[in-house]
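Peer 1: Turn these sequences into a full structure, and let the hints guide you.
Here are the chains, one letter per residue:
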Amino acid sequence: MQSLDSAIILIVIGTTIIIGFAGYRLSKTFMGYIFANKTIGPWILAFSIMATYFSAASFLGGGGATYLYNLGFGAWLTAWHVIGVVILWIIVAKRLFKYVSEYKVMSIPEFIEHRYRSRLARVIAVVVMIFLFIFYLVSVYKGGAIIISTILGIDIQLALLILAIPVIIYIVIGGLRAAAINNLFLGLLMLIAATFTFSYIMSYVGGPIKGLEILTQMNILDKYPGTLWLKLNGMGPPPVMERNMVVPLIIGITFSIGMAQIALPNLLIQFYAARDSKAISRGRVIGPILVALYAMLIFSLGAFCHIILDNKISPSEVAQLMKDTDWVIPKTILVLAPIGIRGLILAAPVAASMSTIALTVLTLSTTMTRDIVQVISKVNNEKMLLYIAKSSAAIFALIPMILANIENRLIVEMVGAAFGTIFACFLGPITIGLYWKRASKIGAIASMVIGVSIGISWYLYLYRTTWIYPTIPATILALAAYILLSLVRKPDKNFNPH
Amino acid sequence: MEIDIGIIAGYAIALAGLIIGIAFSVYKELKGE
Numbered sequence: 001m002q003s004l005d006s007a008i009i010l011i012v013i014g015t016t017i018i019i020g021f022a023g024y025r026l027s028k029t030f031m032g033y034i035f036a037n038k039t040i041g042p043w044i045l046a047f048s049i050m051a052t053y054f055s056a057a058s059f060l061g062g063g064g065a066t067y068l069y070n071l072g073f074g075a076w077l078t079a080w081h082v083i084g085v086v087i088l089w090i091i092v093a094k095r096l097f098k099y100v101s102e103y104k105v106m107s108i109p110e111f112i113e114h115r116y117r118s119r120l121a122r123v124i125a126v127v128v129m130i131f132l133f134i135f136y137l138v139s140v141y142k143g144g145a146i147i148i149s150t151i152l153g154i155d156i157q158l159a160l161l162i163l164a165i166p167v168i169i170y171i172v173i174g175g176l177r178a179a180a181i182n183n184l185f186l187g188l189l190m191l192i193a194a195t196f197t198f199s200y201i202m203s204y205v206g207g208p209i210k211g212l213e214i215l216t217q218m219n220i221l222d223k224y225p226g227t228l229w230l231k232l233n234g235m236g237p238p239p240v241m242e243r244n245m246v247v248p249l250i251i252g253i254t255f256s257i258g259m260a261q262i263a264l265p266n267l268l269i270q271f272y273a274a275r276d277s278k279a280i281s282r283g284r285v286i287g288p289i290l291v292a293l294y295a296m297l298i299f300s301l302g303a304f305c306h307i308i309l310d311n312k313i314s315p316s317e318v319a320q321l322m323k324d325t326d327w328v329i330p331k332t333i334l335v336l337a338p339i340g341i342r343g344l345i346l347a348a349p350v351a352a353s354m355s356t357i358a359l360t361v362l363t364l365s366t367t368m369t370r371d372i373v374q375v376i377s378k379v380n381n382e383k384m385l386l387y388i389a390k391s392s393a394a395i396f397a398l399i400p401m402i403l404a405n406i407e408n409r410l411i412v413e414m415v416g417a418a419f420g421t422i423f424a425c426f427l428g429p430i431t432i433g434l435y436w437k438r439a440s441k442i443g444a445i446a447s448m449v450i451g452v453s454i455g456i457s458w459y460l461y462l463y464r465t466t467w468i469y470p471t472i473p474a475t476i477l478a479l480a481a482y483i484l485l486s487l488v489r490k491p492d493k494n495f496n497p498h
Numbered sequence: 001m002e003i004d005i006g007i008i009a010g011y012a013i014a015l016a017g018l019i020i021g022i023a024f025s026v027y028k029e030l031k032g033e
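In the order they appear, the protein sequences are chains A and B. Under the numbering used here, the first residue of the first sequence carries the number 1, and numbering increases by one thereafter. Under the numbering used here, the first residue of the second sequence carries the number 1, and numbering increases by one thereafter.
Just to be clear, a hint being listed does not mean it is correct.
As the list claims (entries may be wrong) - Computed spacing ranges between beta-carbons, pair by pair:
hint: 1; chain 1: B; residue 1: Leu30; chain 2: A; residue 2: Ile192; range: 28 to 34 Å
hint: 2; chain 1: B; residue 1: Ala9; chain 2: A; residue 2: Leu487; range: 29 to 35 Å
hint: 3; chain 1: A; residue 1: Met384; chain 2: B; residue 2: Leu30; range: 43 to 49 Å
hint: 4; chain 1: B; residue 1: Leu15; chain 2: A; residue 2: Trp43; range: 22 to 28 Å
hint: 5; chain 1: B; residue 1: Leu30; chain 2: A; residue 2: Asn244; range: 48 to 54 Å
hint: 6; chain 1: B; residue 1: Leu30; chain 2: A; residue 2: Ile214; range: 41 to 47 Å
hint: 7; chain 1: B; residue 1: Lys28; chain 2: A; residue 2: Ile214; range: 43 to 49 Å
hint: 8; chain 1: B; residue 1: Glu33; chain 2: A; residue 2: Glu213; range: 44 to 50 Å
hint: 9; chain 1: A; residue 1: Leu188; chain 2: B; residue 2: Leu15; range: 19 to 25 Å
hint: 10; chain 1: A; residue 1: Leu487; chain 2: B; residue 2: Ile19; range: 43 to 49 Å
Stated by the list, open to error - Lysine-lysine pairs mimicking PhoX-like chemistry, simulated, CA-CA at most 20 Å apart:
hint: 11; chain 1: A; residue 1: Lys28; chain 2: B; residue 2: Lys28
hint: 12; chain 1: A; residue 1: Lys104; chain 2: A; residue 2: Lys94
hint: 13; chain 1: B; residue 1: Lys31; chain 2: A; residue 2: Lys98
hint: 14; chain 1: A; residue 1: Lys312; chain 2: A; residue 2: Lys331
hint: 15; chain 1: A; residue 1: Lys38; chain 2: A; residue 2: Lys98
hint: 16; chain 1: B; residue 1: Lys31; chain 2: A; residue 2: Lys94
hint: 17; chain 1: A; residue 1: Lys278; chain 2: B; residue 2: Lys28
hint: 18; chain 1: A; residue 1: Lys223; chain 2: A; residue 2: Lys312
It should be emphasised that the hints constitute simulated quantities derived from the structure, not laboratory data. All C-beta atoms, glycine included, are put in the ideal place defined by N, C-alpha and C.
Peer 2: Next comes the structure, spelled out in structure tokens:
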């Protein structure tokens, strides 16, 4: 990498610290720190939710996946993302905003306690959120740090610090306001980088149709005809192809990653900070466009990279890239883009990591303050709450950074597993619970316990033998428990859905 | 060149979902909801 590319990435990281001061004035009170005094408008809200949702895995794993999988992976990943974001903004956003505004609840676990009249449900929500989000953040850190360490030619440990320290500085200085404005900046950068990446790859291959024609005439590694990339039950990981499980695996992974957004607490918490219900109404138009645009630009590019890379690298390198597809887009960009532009493009996964870490850490900080400290000790002193919120944000940013030195798996799978498990746990208690009057606390508790147990254990013990993605059984069983256990109890007369 | 219907369906659903989502949101916005 040239020094100009490195400089651009460092400038992007430095800019986030400067933007952090934008939230300084508001972050002098607890409400200002965690909810920006409810001043977030539609553009910042829509960009912030999009940038939080898309981590480095969206650019690296999502972009490179079809280097191994057939184009059905890109098509269905895009489809589930669009369906998910439309449901998030149209069905979930406004109702959640009205609920939390009317009952003045300030966190997802607090919402769960209020909705189901159960302190135990709140405690379980806290434990599940902290556990899964820390696991998820490990993969987010690794995605960003791998790019930084490669581009700057430094150790992964130093790269992790370069990623973590600016985020800690700007969330401690400016809280949610700073993180949300930074997400507007970082989200814009991600969209620009996605546009450049798409343009360079499509220009090289002569457009999507011409590119597919070339691909069908190729024989990858002399054993996989290019036509396999045009069949939904075609190309995939070889062990999965042997068991004829490519279609279920593709649908399972893409559903898990794309639909998770409708029940992710680190996205939902941002609706609390909306200026008013009009901000949600306008965001409802902007939000789906941003997610759909990014998904359409990025998620199908990997297959076309065979045309660009395979005659420039050795067969063993092609085979290695098909095992670790996270490197496909960065390597392609290094081939196609000129100095400067490639720095800008490769800043995108770094930006994506920072934006996801910031809002996730703030979500955990709010949970620590509101759902643990305030529940146990009844602290109400404004300065003390602010101190706890800021220090816990820094601690929650540091824990996964330390764990990132130990964890080692493919980014897209780790994010998929954590995302999917959170989705399985909270789809019933949060999303369906907003509408379904009859939902009960026993159902909510069972949903969270079964979701996390099945999601994690299936991933660890059954995924590699069945090739059924863990989110699918976890969601089915968690939802079944939520619905059946709610139906056997009498409806709660106190619940007043909007 | 023949592209599997399962792949085309994914892209078609994505496009249709986006159009329906935006149309619904704009309709609601114009109604002031």
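Peer 1: For each hint, tell me whether it holds in the structure or not.
Peer 2: Structure-based check of all given hints:
1. Leu30/B <-> Ile192/A: 28 to 34 Å: holds (31 Å)
2. Ala9/B <-> Leu487/A: 29 to 35 Å: holds (34 Å)
3. Met384/A <-> Leu30/B: 43 to 49 Å: holds (47 Å)
4. Leu15/B <-> Trp43/A: 22 to 28 Å: About 24 Å separates the Cβ atoms of Leu15/B and Trp43/A, which means 22 to 28 Å holds.
5. Leu30/B <-> Asn244/A: 48 to 54 Å: With a Cβ separation near 49 Å, Leu30/B and Asn244/A satisfy 48 to 54 Å, so the hint holds.
6. Leu30/B <-> Ile214/A: 41 to 47 Å: At roughly 46 Å between Cβ atoms, Ile214/A and Leu30/B fall inside 41 to 47 Å, so the hint holds.
7. Lys28/B <-> Ile214/A: 43 to 49 Å: holds (44 Å)
8. Glu33/B <-> Glu213/A: 44 to 50 Å: holds (47 Å)
9. Leu188/A <-> Leu15/B: 19 to 25 Å: holds (24 Å)
10. Leu487/A <-> Ile19/B: 43 to 49 Å: violated (36 Å)
11. Lys28/A <-> Lys28/B: violated (37 Å)
12. Lys104/A <-> Lys94/A: Given that 20 Å is the threshold and the Cα spacing comes to 15 Å, the pair holds.
13. Lys31/B <-> Lys98/A: The hint holds at about 18 Å.
14. Lys312/A <-> Lys331/A: holds (11 Å)
15. Lys38/A <-> Lys98/A: Distance of about 13 Å is within 20 Å: holds.
16. Lys31/B <-> Lys94/A: This hinted pair holds, its Cα atoms lying about 15 Å apart.
17. Lys278/A <-> Lys28/B: Given pair Lys278/A, Lys28/B holds - Cα atoms ~11 Å apart, limit 20 Å.
18. Lys223/A <-> Lys312/A: The given pair, whose Cα atoms are some 18 Å apart, holds under the 20 Å limit.
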